[in-house]
Amino acid sequence: IAEALPFYTKSLNLECTHTEEVASEKVNTAFLPLGEVNIELLEGTDPESPITKYVEKRGEGIHHICYQVDDINATLAQMKEQGIKLINEEPKRGAHNKLVAFVHPKSTGGILIELSQDAGDH
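Read left to right, the sequence shown gives residues 1 to 122 (this note's numbering).
Don't take every hint at face value.
Said to hold, decoys possible - Below 35 Å or equal to it, Euclidean Cα-Cα: the simulated DSBU-like pairs (lysine-lysine) are:
| hint | residue 1 | residue 2 |
| --- | --- | --- |
| 1 | Lys-26 | Lys-10 |
| 2 | Lys-106 | Lys-26 |
| 3 | Lys-53 | Lys-92 |
| 4 | Lys-85 | Lys-53 |
| 5 | Lys-53 | Lys-80 |
| 6 | Lys-57 | Lys-10 |
| 7 | Lys-26 | Lys-80 |
| 8 | Lys-57 | Lys-106 |
| 9 | Lys-92 | Lys-10 |
| 10 | Lys-26 | Lys-53 |
| 11 | Lys-106 | Lys-80 |
| 12 | Lys-57 | Lys-26 |
| 13 | Lys-106 | Lys-85 |
| 14 | Lys-57 | Lys-85 |
| 15 | Lys-106 | Lys-53 |
| 16 | Lys-26 | Lys-85 |
| 17 | Lys-80 | Lys-92 |
| 18 | Lys-92 | Lys-57 |
| 19 | Lys-106 | Lys-92 |
By construction, these hints were calculated from the structure, which means they are not laboratory data.
Can you make the complete structure from the sequences, with help from the hints?
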């Protein structure tokens, strides 16, 4: 994050509004709002972190795209009924204490998709 952040803050003039360690996922995060979109920089904090493993295997770059949903449990149930392969069938806590779950890239054309629900929306 420390190496990448200056590009976003100095070259693109974005503001880093929040940083957080998500210990359960062994990751540090930095958030940079851009309109209604947030760019989230991720950094693994442990060799066993999914982010550390991803970077070691594929190199730096886009890891996933996140979609904000109103009801993550209903969305997951609908996807499961549609035969979509889920990494998480139940949501877990992520950054900002949001409920999050991931959809397997085999069901999305190779893109890891995160679903997120605001902490106050449940």
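Cross-check of the supplied hints:
A hinted pair counts as satisfied when its Cα atoms are at most 35 Å apart, and Lys-26 with Lys-10 qualifies at roughly 27 Å. Proximity of Lys-106 to Lys-26 is assessed by CA-CA distance (about 24 Å); at most 35 Å being required, the pair is judged to hold. Under the criterion of a C-alpha separation no larger than 35 Å, the hint pairing Lys-53 with Lys-92 is consistent with the structure, at around 20 Å. For the hint pairing Lys-85 with Lys-53, the CA-to-CA distance comes to about 21 Å; that is within 35 Å, so the pair holds.
Proposed proximity of Lys-53 and Lys-80 is supported: the alpha carbons are some 27 Å apart, at most 35 Å. A hinted pair counts as satisfied when its Cα atoms are at most 35 Å apart, and Lys-57 with Lys-10 qualifies at roughly 29 Å. A hinted pair counts as satisfied when its Cα atoms are at most 35 Å apart, and Lys-26 with Lys-80 qualifies at roughly 27 Å. Taking the CA atoms of Lys-57 and Lys-106, the gap is near 18 Å; set against the 35 Å cutoff, the hint holds.
At roughly 34 Å between alpha-carbon atoms, Lys-92 and Lys-10 fall within 35 Å of each other, so this suggested pair holds. For the suggested pair Lys-26 and Lys-53, the alpha carbons sit about 11 Å apart, so the restraint of at most 35 Å is met. For the given pair, Lys-106 sits about 14 Å from Lys-80 by alpha-carbon distance, which is consistent with the 35 Å threshold. For a cut-off of 35 Å, the pair hint linking Lys-57 to Lys-26 stands: about 17 Å separates their Cα positions.
For a cut-off of 35 Å, the pair hint linking Lys-106 to Lys-85 stands: about 7 Å separates their Cα positions. For the hint linking Lys-57 to Lys-85, the alpha-carbon distance of about 22 Å falls within 35 Å, and the restraint holds. Of the pairs offered as hints, the one joining Lys-106 and Lys-53 holds, with about 19 Å between alpha carbons and a cut-off of 35 Å not exceeded. Between Lys-26 and Lys-85 the CA atoms are separated by roughly 24 Å; this keeps the pair inside 35 Å, and the hint holds.
Note on Lys-80 and Lys-92: the hinted pairing holds, with a Cα-Cα distance of about 17 Å set against a maximum of 35 Å. Distance hint between Lys-92 and Lys-57 is fulfilled; the C-alpha atoms sit about 25 Å from each other, no more than 35 Å. The suggested pairing of Lys-106 with Lys-92 holds, with an alpha-carbon distance near 21 Å, which does not exceed 35 Å.
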